[in-house]
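Colleague: Sequence:
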Amino acid sequence: MSLRRRTLLKVIVLGDSGVGKTSLMNQYPFELNIYVHKKFSQQYKATIGADFVTKELQIDDRLVTLQIWDTAGQERFQSLGVAFYRGADCCVLVYDVNVMRSFDALDNWHEEFLRQANPADPKNFPFILLGNKIDIDGGNSRVVSEKKAKEWCASKGNIPYFETSAKEDYNVDASFLCIAKTALANEHEQDIYFQSIPEATPESEQRDGLSFRVSVTALRSLFFVLGCFITASVIYTIITDGLPFRKELLTPWMAATLIDFYINILAIAVWVVYKESNWISSLVWIILLICLGSIATCFYIVLQLFKLSPQESSQDPIFYVLLRKKKEGTEDKKIFSVVVARVLFGALGCLMLGTLIYTIATDGNPFRKDVLTPWLSATLIDFYTNVVALSVWVCYKESSWIVATIWVLLLVCIGSVATSATGPKRLLNDSDRAGNGYERTFQRPSVTVR
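Once you know that position 36 of the sequence shown is 36 in our numbering, the rest is easy, because the numbers rise by one and skip nothing.
The hints are simulated quantities; they were obtained by calculation from the structure and are not laboratory data. One or more hints might be untrue.
No more than 20 angstroms apart at the CA atoms, straight line, and that leaves these computed lysine to aspartate or glutamate pairs for DMTMM-like [to be verified]:
#, residue 1, residue 2
1, K148, D169
2, K148, E163
3, K156, E112
4, K181, E168
5, K247, E112
6, K369, E248
7, K147, E112
8, K150, E111
9, K181, D60
10, K181, D61
Taking CB as the label site, the calculated pair distances span [what the hints assert, rightly or not]:
#, residue 1, residue 2, range
11, I406, L344, 16 to 26 angstroms
12, F245, L303, 24 to 34 angstroms
13, F224, M100, 49 to 59 angstroms
Everything numeric in this text was worked out from a predicted model, so none of it was measured. The beta carbon of each residue, even a glycine, is placed where N, CA and C say it ideally should be.
Use the sequences and the hints to build the structure in full.
Modeller: Pasting the structure below:
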């Protein structure tokens, strides 16, 4: 192994929606490593929330890893918060030379970054300005002159300026190389993650690079096996004990278990509705959850895991499984939805707690042989399969493993009472999910598969 100095630089790309930020990132290659193939999509799709790609290049004796974060430019996505800006080593501002509004918004983006990132030395923090889409109509539709852009750069401390075209791949390489060098030049003034580490061999790098894909495979296998197990349990119980729709089966403890079971189903249904962008598919999945219980839960989770791209699988898979593709016009309803969910699950938690106390008082404790009928056993297996799904989610959401372990134990011991306590606040909290997920991803140095 050779000793090579490695530096990880976090670069934030900001600008209005539609100026070409994502296209610039997708167009930018280096010979040493290419994570995203050169491509320019004519069918532009607005970035949702934020995403990042990782690119490596060699500068002098340093192996520099650029972690380039692309943040949505639309006003409603500016609530992404401190987690997305924290630890940035350089900020790239992008505007469309053909749209004056995108240029006028640069001051707001500049101020927004400094406010959120709160760098130690705001006046000397490295910014770079890119004027994109200079290829459109041969430059005839341009409304922002190069002179005007350079004057703006001068007013901000003579920050570097490049005019680019993602479509024609013009000046993209040069601008990103300047970004890396500018951030490196600022190394002694900024708190850059830096270390000298042995460069791994290609084989070991490949093993590390596959580690997160293995975790996705493990999750797929886990929920596939659980789904098969509960399906087999239901089939076996039907064969040996008949159908469950019989009056004598509805004992007090069976009734309590069913209430417990369906409160957890409701929590999972809220996540499904939150996750799905299509209300028809949401309704179909809710019906399947009600009818099939954890069989539908396992199938849905496995399906979501298979939808992950290789890049998503290697970055932070559970984040993408939990992440919702936002619907138009829903942002203003988020606070109301959280309040409703808290009231609803608070009431359900009280209902379940009251049910447990009442059943113990009227029917005694549940740890009796006569209580454990075949269908109650099958219902408990179904119930605890859903508890596993909720536990995976809780473990991901909690930053402390001690807290996560406590919540998992509570889920196992008191079921939907614990679900009601933790569910709505954590599930509908965008900043916690995004912040924790991306911060953990950023703090975990990426390893290249060569």
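Colleague: Hints first: check each against the structure and report whether it holds.
Modeller: The hints, checked one at a time:
1. K148 to D169: violated, 23 angstroms
2. K148 to E163: Judged against 20 angstroms, a Cα distance of about 12 angstroms means the pair holds.
3. K156 to E112: holds, 14 angstroms
4. K181 to E168: It is violated: about 24 angstroms lies between the C-alpha atoms, which goes past 20 angstroms.
5. K247 to E112: Distance of about 63 angstroms is beyond 20 angstroms: violated.
6. K369 to E248: holds, 16 angstroms
7. K147 to E112: The given pair, whose Cα atoms are some 24 angstroms apart, is violated under the 20 angstroms limit.
8. K150 to E111: It holds: about 18 angstroms lies between the C-alpha atoms, which stays within 20 angstroms.
9. K181 to D60: holds, 10 angstroms
10. K181 to D61: Given that 20 angstroms is the threshold and the Cα spacing comes to 13 angstroms, the pair holds.
11. I406 to L344: 16 to 26 angstroms: holds, 24 angstroms
12. F245 to L303: 24 to 34 angstroms: Given range 24 to 34 angstroms: holds, Cβ gap about 29 angstroms.
13. F224 to M100: 49 to 59 angstroms: Holds: the Cβ-Cβ distance is about 54 angstroms, inside 49 to 59 angstroms.
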